[in-house]
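Put the two chains together into one complex, using the hints given.
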Amino acid sequence: MRVRLNLMRGRLRTGNICQTIVRMNPESPDSHLIALLDRIAQADESALKELYGLTSSKLYGVALRVVTNRSWAEDVLQEAYLNIWRIAGAYQASLSPPMAWMGLLVRSRGLDFLRRRASDRADHVQELDEVIADTVAGDAPNPMDTAQASEQAWALHQCLSQLEHRQREALSLAYLRDLSHSELALQLRLPLGTVKTWIRRGLEQLRGCMARLA
Amino acid sequence: MNIHRNPALADQLAASYALGTLRGGARRRFEALAREHASLRAAALIWQGRIASVAELQPEVAPSPAVWTRIENLVQADKQARSMQAARSAPAPTAPAGRWWASLGLWRGAAAAGAFATVVAVVAGVGLNSRLSGQVRELSARLSATPAIEYVAVLADDKANASILVTFDPTTQKLVLKRVGDFREQPDKSLELWALPPGAPAKSLGVMNSGEAVVRLTAADSDIRRSPALAITLEPKGGVPPGTAATGPILFKGALLKTPD
Numbered sequence: 593m594r595v596r597l598n599l600m601r602g603r604l605r606t607g608n609i610c611q612t613i614v615r616m617n618p619e620s621p622d623s624h625l626i627a628l629l630d631r632i633a634q635a636d637e638s639a640l641k642e643l644y645g646l647t648s649s650k651l652y653g654v655a656l657r658v659v660t661n662r663s664w665a666e667d668v669l670q671e672a673y674l675n676i677w678r679i680a681g682a683y684q685a686s687l688s689p690p691m692a693w694m695g696l697l698v699r700s701r702g703l704d705f706l707r708r709r710a711s712d713r714a715d716h717v718q719e720l721d722e723v724i725a726d727t728v729a730g731d732a733p734n735p736m737d738t739a740q741a742s743e744q745a746w747a748l749h750q751c752l753s754q755l756e757h758r759q760r761e762a763l764s765l766a767y768l769r770d771l772s773h774s775e776l777a778l779q780l781r782l783p784l785g786t787v788k789t790w791i792r793r794g795l796e797q798l799r800g801c802m803a804r805l806a
Numbered sequence: 108m109n110i111h112r113n114p115a116l117a118d119q120l121a122a123s124y125a126l127g128t129l130r131g132g133a134r135r136r137f138e139a140l141a142r143e144h145a146s147l148r149a150a151a152l153i154w155q156g157r158i159a160s161v162a163e164l165q166p167e168v169a170p171s172p173a174v175w176t177r178i179e180n181l182v183q184a185d186k187q188a189r190s191m192q193a194a195r196s197a198p199a200p201t202a203p204a205g206r207w208w209a210s211l212g213l214w215r216g217a218a219a220a221g222a223f224a225t226v227v228a229v230v231a232g233v234g235l236n237s238r239l240s241g242q243v244r245e246l247s248a249r250l251s252a253t254p255a256i257e258y259v260a261v262l263a264d265d266k267a268n269a270s271i272l273v274t275f276d277p278t279t280q281k282l283v284l285k286r287v288g289d290f291r292e293q294p295d296k297s298l299e300l301w302a303l304p305p306g307a308p309a310k311s312l313g314v315m316n317s318g319e320a321v322v323r324l325t326a327a328d329s330d331i332r333r334s335p336a337l338a339i340t341l342e343p344k345g346g347v348p349p350g351t352a353a354t355g356p357i358l359f360k361g362a363l364l365k366t367p368d
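Protein chains in written order, with the numbering used here: chain A, 593 to 806; chain B, 108 to 368.
Hints were generated in silico from the structure; no laboratory data involved. Here the structure is a predicted model, which is why all the values come from computation and not from measurement. There could be a bad hint or two in this list.
What the hints assert, rightly or not - Chain B residues, not near chain A, derived (Cβ > 10 Å throughout):
{"hint": "1", "residue": "122"}
{"hint": "2", "residue": "146"}
{"hint": "3", "residue": "280"}
{"hint": "4", "residue": "335"}
{"hint": "5", "residue": "355"}
What the hints assert, rightly or not - Pulled a few chain A residues facing chain B out of the computed Cβ check, cut under 10 Å:
{"hint": "6", "residue": "645"}
{"hint": "7", "residue": "698"}
{"hint": "8", "residue": "746"}
{"hint": "9", "residue": "749"}
{"hint": "10", "residue": "763"}
{"hint": "11", "residue": "766"}
{"hint": "12", "residue": "776"}
{"hint": "13", "residue": "788"}
Stated by the list, open to error - Each pair of labels, with its calculated beta carbon distance range:
{"hint": "14", "chain 1": "A", "residue 1": "708", "chain 2": "B", "residue 2": "265", "range": "43 to 49 Å"}
{"hint": "15", "chain 1": "B", "residue 1": "149", "chain 2": "A", "residue 2": "775", "range": "25 to 31 Å"}
{"hint": "16", "chain 1": "B", "residue 1": "344", "chain 2": "A", "residue 2": "630", "range": "50 to 56 Å"}
{"hint": "17", "chain 1": "B", "residue 1": "324", "chain 2": "A", "residue 2": "775", "range": "51 to 57 Å"}
{"hint": "18", "chain 1": "B", "residue 1": "145", "chain 2": "A", "residue 2": "754", "range": "15 to 21 Å"}
{"hint": "19", "chain 1": "A", "residue 1": "685", "chain 2": "B", "residue 2": "176", "range": "28 to 34 Å"}
{"hint": "20", "chain 1": "A", "residue 1": "789", "chain 2": "B", "residue 2": "134", "range": "18 to 24 Å"}
{"hint": "21", "chain 1": "B", "residue 1": "265", "chain 2": "A", "residue 2": "803", "range": "16 to 22 Å"}
{"hint": "22", "chain 1": "B", "residue 1": "318", "chain 2": "A", "residue 2": "784", "range": "56 to 62 Å"}
{"hint": "23", "chain 1": "A", "residue 1": "796", "chain 2": "B", "residue 2": "193", "range": "51 to 57 Å"}
All C-beta atoms, glycine included, are put in the ideal place defined by N, C-alpha and C.
Bound conformation, chain B alone (with noise of 0.2 Å):
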């Protein structure tokens, strides 16, 4: 048949093609006309277009405010991803570990201007069918119900995924680790958590071992107080010795954000 000949059926079938009503063989065979024939391309685009105009012809509905806010947040943690990224793939001259504290420094910058980002964007929005959201957000929901908890952090991979929820009660000066990804370090490996205080160098705060999956620690109230920010790295089991410096990458890392009163 040879439709291109035909324009009033051209344009007919480029019309049920742009609607989405033209189907199965149809569809194909009308795909395959439309490679070879200019025309019927450009009838199919036209169409396209038009039909793409039913979107802008529904009625307006106002979202909730909250929407806006959800969007704000993973906005700020996109770009704080980004600078993160922009600052790893920096070389920098140093020795390796001094290096894993160069990019660090320039995260932390990152992550005390986009403060409140990552906690929130996990909790509220990535990962819409995602079962581990929805148990981070019932988590913090719990938490945040809880008044003796004033500090909570959810430390994050580089693809937003939340591993491991911190919460800091600075009456008992009680600092919990609680795994929420499915993140298994090796048997003789430990996850070491460490303070990001601006302008100092971090501090270790404890060890999570292999196998644990809650870890209860005791921390200084000012040490948590003055970071903007905690980081979990690799570590070998038991972790890095008293006052030495991280070794390991940095796995998770999230804003510390005070919890509403």
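Looking at chain A on its own, in the form it has when it is part of the complex (with noise of 0.2 Å):
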């Protein structure tokens, strides 16, 4: 039911079928989600309150990813949602789920953060290094948490759960970072030819695996 709602949502949310299908999903979180980000387009405060606090956890851990420092990622944090305050009349334009949406802004926010830091980059590097020695340090249980993830999200989750971790890894970190093959290998530390395969190999896992849930 709610892989349909997902895929329908963006032709049908105007009419008053969608409305119908919000009523009978009404526990359905990106439902939820989604009437929050309908109220905040009509400057709604408490609307956006209340979505932070669904929410903030979720896309702080991504600001983390990203930018891999506290007081950076909550600079980040604050953005964007300052962004989808002002934007958020535009996710209605958008076939995305919510989360992936505000996964979308705040990630593109970190990207951003990190190349405004570019100039003062020698410490920064430093500090990469450490917070990704930690993650791609052994082959922990996959920390992944697919709590409020939409139906896409899940998709893929079960499909990176089949790759080893360290090239669950690696592959996050490519998108979230936006990291070349040999800007992620100066990160992770290894040889060219190991990311590249990895990258590779993960890739074609996922798209086997994907092909099939689809």
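Dropping the structure here:
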């Protein structure tokens, strides 16, 4: 049911059918978040507060993974919610689940932040290395968190879970931090060939798995 | 190479494209092909959606409660700025001097509603990498550490750039204006500071001449206490004659805050 709702939402959300579906499925977290975004687009501050309560821990987690420093991540989070406050109306044109849309905002704010800091990068690389060294250190249990995740994210989670931990991390970081193979190799302190192989094999496995699920 | 006729290769490239590891010339060639071939474009969009879900799978971490306070303040400042803009763009049928006060009156309502917003927003939020914001933050920290300062206002322009810091000490009735931005008026102009008491005409508190970085004025405690906000207008050198209304545009404004005890 939720899969179809997510797919249909974009086309139907302005019509009566959409409202019927939302009413039929009142506990869907997506439809609640969408309703909040609609209210925020009408400059309803209480909706922003509720949205923050529901999503800030998840989005702060994303910001932390992108910029790797708590206070920077807080600045990024602040910018992202201010952005949501200003452009919530634009969500209607997006076909993404609400968490994915907000995740994209946080990632791009985070990447902007890193670009702005690129000038004094010496200390930054050091910090990145330490954080990544922790995350890629061993084959820790899958740390991914599917609470609140959309149907699409759940499918990705299923497929990523089949990868080796380090491969999964390399893929996640390549995307979240917008890193090239060589940047990733530098940050992970691994040979470029190894990184390329991980990414290629990881993507191949992901392709096969996503094709089966979709 | 006819990658659109080779679905496996097309899908593989679309996945690397979405992940971001397809770079340089290969990325540009892929983009050019995707513009030509709808199936390739569709594959890229599907993969972008899938990969974007990585963000949804990251572990949750609770941010510090201060973040919401900062967002709330910025949202207040944003609302205030919007209503100011609405007030400005609304045409008023009165004479120019009257129109100035009409828009100020509207703005004053918004300022009172969002009390606290402007200063905290400017101090804590605006301009992540701006030296100015760091400067203001440092100044305010120093000020709030000084017990005699009971009121503080950061007067900012319509882009929320802090320009003048105002402090007031009721025990000595000293009102201090300090430039914190890089606004410099012409030598034949002065900046005039106005108290904006609700339901009463704005009251001039004094003038800052061009070239002065800091001005110390004396102000009646009552004028300050009943004004939720202050504003600065650009006036002829020396300011307007006593008892008359402002003639120039509002350059900066901000809420007047009582410092925490």
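Hints and how they fare:
The non-interface label for residue 122 of chain B is inconsistent with chain A: the shortest C-beta to C-beta separation is roughly 5 Å, within 10 Å. Every CB of chain A is more than 10 Å from the CB of residue 146 of chain B (nearest about 15 Å), matching its label as outside the interface. Every CB of chain A is more than 10 Å from the CB of residue 280 of chain B (nearest about 38 Å), matching its label as outside the interface. With a least CB separation of 20 Å from chain A, residue 335 of chain B remains clear of the 10 Å interface cut-off, as annotated.
Listed as a non-interface residue, residue 355 of chain B keeps its Cβ farther than 10 Å from every Cβ of chain A; the least gap is roughly 31 Å. The restraint placing residue 645 of chain A at the interface with chain B holds, with a minimum CB-CB distance near 9 Å, inside the 10 Å limit. About 7 Å separates the beta-carbon of residue 698 of chain A from the nearest beta-carbon of chain B, less than 10 Å, and the hint is met. For residue 746 of chain A, the interface hint holds, the least distance from its beta-carbon to any beta-carbon of chain B being 8 Å, beneath 10 Å.
Among the interface hints, the one on residue 749 of chain A holds; its C-beta lies about 5 Å from the nearest C-beta in chain B, closer than the 10 Å criterion. Taking 10 Å as the C-beta contact cut-off toward chain B, the hint placing residue 763 of chain A at the interface holds, the least distance being around 7 Å. For residue 766 of chain A, the interface hint holds, since its Cβ comes within 10 Å of a Cβ in chain B; the closest pair sits about 6 Å apart. Below 10 Å, beta-carbon pairs count as interface contacts, and residue 776 of chain A has one with chain B at about 8 Å; its hint therefore holds.
Satisfaction of the interface hint for residue 788 of chain A is found here, the shortest Cβ-Cβ separation to chain B being roughly 9 Å, below the 10 Å cut-off. Between residue 708 of chain A and residue 265 of chain B the beta carbons are some 24 Å apart, a value that contradicts the proposed interval 43 to 49 Å. For residue 149 of chain B paired with residue 775 of chain A, a C-beta distance near 29 Å keeps the hint of 25 to 31 Å intact. Hint check: residue 344 of chain B to residue 630 of chain A, Cβ distance near 53 Å, so the stated range 50 to 56 Å holds.
Residue 324 of chain B and residue 775 of chain A have their C-beta atoms about 56 Å apart, which keeps the hinted 51 to 57 Å range intact. The hint said 15 to 21 Å for the Cβ distance between residue 145 of chain B and residue 754 of chain A, and at roughly 31 Å that hint is violated. Distance hint check: the CB atoms of residue 685 of chain A and residue 176 of chain B are about 31 Å apart, consistent with the given range 28 to 34 Å. The hinted range of 18 to 24 Å is satisfied by residue 789 of chain A and residue 134 of chain B, whose Cβ atoms lie roughly 20 Å apart.
Hint check: residue 265 of chain B to residue 803 of chain A, Cβ distance near 53 Å, so the stated range 16 to 22 Å is violated. For the hinted restraint 56 to 62 Å between residue 318 of chain B and residue 784 of chain A, the CB-CB distance of approximately 59 Å keeps it satisfied. At roughly 55 Å, the beta-carbon separation of residue 796 of chain A and residue 193 of chain B lies within the given 51 to 57 Å, and the hint holds.
Going through the hint list in order, the structure does not satisfy hints 1, 14, 18, 21.
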